[in-house]
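*Asks:* Respectively, the protein sequence lines represent chains B and R.
Heads up: the first sequence begins at 1 in the numbering used here, then just goes up one per residue.
Heads up: the second sequence begins at 1 in the numbering used here, then just goes up one per residue.
Hints in this document: simulated from the structure, not taken from any laboratory.
Source: prediction; values computed, not measured.
Treat the hints loosely; a few may be bogus.
List of simulated lysine-lysine pairs, DSS-like, C-alpha gap at most 27 Å [as the list claims (entries may be wrong)]: (1) R/K187 / B/K51; (2) B/K51 / R/K92; (3) R/K127 / B/K41.
Covered stretches of chain B (chain R as the covering partner; in silico rule of three or more C-beta atoms under 8 Å from a C-beta of chain R) [stated by the list, open to error]: (4) 41 to 47; (5) 57 to 63.
A few chain B residues facing chain R, derived, Cβ under 10 Å [unchecked claim]: (6) L19; (7) N23; (8) A52.
Think of the CB as a built atom: it goes at the ideal place given N, C-alpha and C, for glycine as much as any other residue.
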Amino acid sequence: MRLHILAALALALASAFALYGINYDTRQLERRMLAKERAIKKARNDIAVLKAERAHLARPDRIESLARAQGLRPATERQLFAGPDEAMADVFSTAAPRSARTSRAE
Amino acid sequence: MVRSVTIKQLGRATAQWPRGKPGEAVQSGRMRTLVATLAITIAFMAIAGQLVHLALSSQFSITSSMTATIGESFARPDIVDRHGRLLATDVKKQSLFADPARVLDRDEVVEKLAVILPNINQAELRKNLSDRNRRFVWIRRGLSPKMAQRIHNLGLPGLAFRPELRRAYPGGPLAGHVLGHVNIDNKGTTGFERYIDEVVGVEAVHGATLAEQAPARLSLDIGVQYAVEDELAIAMRRFGSRGAAGIVLDIDTGEVLASASLPDVDPARPTMSLDPERIDKVANSTFELGSVFKIVTVAMALENAVVSLDTMVDVRAPLTAGRFTIRDLHPAGRPLSVADIFIRSSNVGAGVLALEAGAQRSREFFERLRLLDPIKTEIGPIAAPQVPNQWGETEIITTSYGHGIAVAPLQFASAAATLLNGGKRVLPTFVKRQPNATDANERLIKSVTSRDIRTIMLRNVTDPAGTGKRAKVLGYPVGGKTGTAEIPGAGGYKKDAVISSFLAAFPMNKPKYLVFVLLFEPTGTEESGGKVLAGRNAAPTAGHIIRRIGPLLGLLPTSKAAAG
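Extracted from the complex, chain B is given alone in its bound form:
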């Protein structure tokens, strides 16, 4: 009988400690979760700013001036020797490339 009571008491104490432990752990986890959530929110905000800055740097008027400074220009017909079909026929033919190509393409 006494054994029963002692066992019950021990069980009650053990469960109380376990409960406290779980409670404490839960709070810890919740705190960590909130910190993570805050970090995610901050990261997302940073990504939004970086995305906007990247798009600002890649805006066409800036790219154009940089490209022109590199000596680039829009593609023109002068860069082509022939139409696509002729060009492909040329690639597949076994004949030597026409010498005119170099002169025309400058």
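Assemble the complex: chain B is given as a structure, and chain R must be docked to it using the hints.
*Replies:* Structure of chain R alone, referenced to chain B:
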């Protein structure tokens, strides 16, 4: 409850005890212990059960919102172009507010803030801070992080920051008219931003929580958009015009690839749109477009089988309609074929064609092309066309060459796209279409008519006598039609104030894109040979645009067109 029942049972057991036998006493003592243990166990189990329940359903939150009374703002999805390049996004910024009840020295706050924020309204701020009943006064919203730090460093009590979402437009004024504006609460008020509020959906938020929606995809291509804006700006300088507008339209799907109106607006500065000079000339105003309307007139005559391209028409005598006499700028002095009427842009010829078809068929054709009814796009309703109330002889003649009827350039461009794409209806759209979307648009005109229109538009550019010959582009077969329309003013049409326009399509062997360029009140400069004619200014501008956007649209220049 469990406990009270147990006590009652115990009480009953106690009451029975004196009367029972000794063996019964032991029996009942055990019984009592058992009952008590059972009761305690049940009680503990109830507590444990409740704990488990609380642990599992920990969804409740004890964080209360301190900002509910301040009002909400909106988290918006990003706006990207057809290739996913960013045009508008939300970023977190700090907004400064004051709690007047906690401000110690009003004058100090006003003076110190005025140093950092020089354009602040000091009198209003002082008045707001004097009102001790208010607990919340906005001072400046959307501060840069640097500014916020400087104000924070002042260490003034009663001032505090609240993070908010603000709209950022990384492209600056690029495509400003299409994008529209948002208000101080990040809510869309005009243009595509408004469409996002009404159709795509925004999230009402407190603080700075970004929207989780997928970005809204425009039909615009910002490379093409920039090329058009840039070429128009060059043309404005070169030809001394007051304004310019340009559209690039996919003639099959109706997707607008570029829509530019100069002078432009910055989407981040809503007040700029209040300037009447900066109105969106593509969709928000109507103009008498002039001779570009002859595309419609000739198509109408062909569609109704009034004439064929080779029919000869006598254009020698000027036409009289009411008190007007219609003459040609360069009278031919001989009968012209229908194709030549188009290429030489003969007003008399267009008038004769319209008269031969008659009022009924002229009007019906305008209606069929949706040129008489208001239409709507994602950036709002297009300015409603101004059409004649009655279709007398005068109206038939003037509308045949684009006067007496005013439509928005975008509406005209979509009608012209129908004439070029084989006759299918075109609904202009600013949202990217799904590539596999089935094209179930109704047919409005015969494909034969469309083919004839393509033929004469191409000839108008390739023919040395064509008004559009200066739009020729090496590498791309281009077709087009010029228009030089006089601008109506007080008491008749203004002298020498014109809208010169050029409606082009390319590549003409299988037209895919339409380019419509308008220059407002160009002056005769050296570049245009002292003339304000569209063939001298709008046509070459369209040519420059096509030369630049062709490669961007993935069209390979062809040597055949280069040779021709």
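*Asks:* Now look at each hint and say whether the structure bears it out.
*Replies:* A quick look at each hint next to the structure:
no., hint, result
1, R/K187 / B/K51, "21 Å, holds"
2, B/K51 / R/K92, "13 Å, holds"
3, R/K127 / B/K41, "37 Å, violated"
4, 41 to 47, "holds (count 3)"
5, 57 to 63, "holds (count 4)"
6, L19, "7 Å, holds"
7, N23, "9 Å, holds"
8, A52, "5 Å, holds"
Comparing the model with each numbered hint stated earlier shows that hint 3 is the single one that does not hold.
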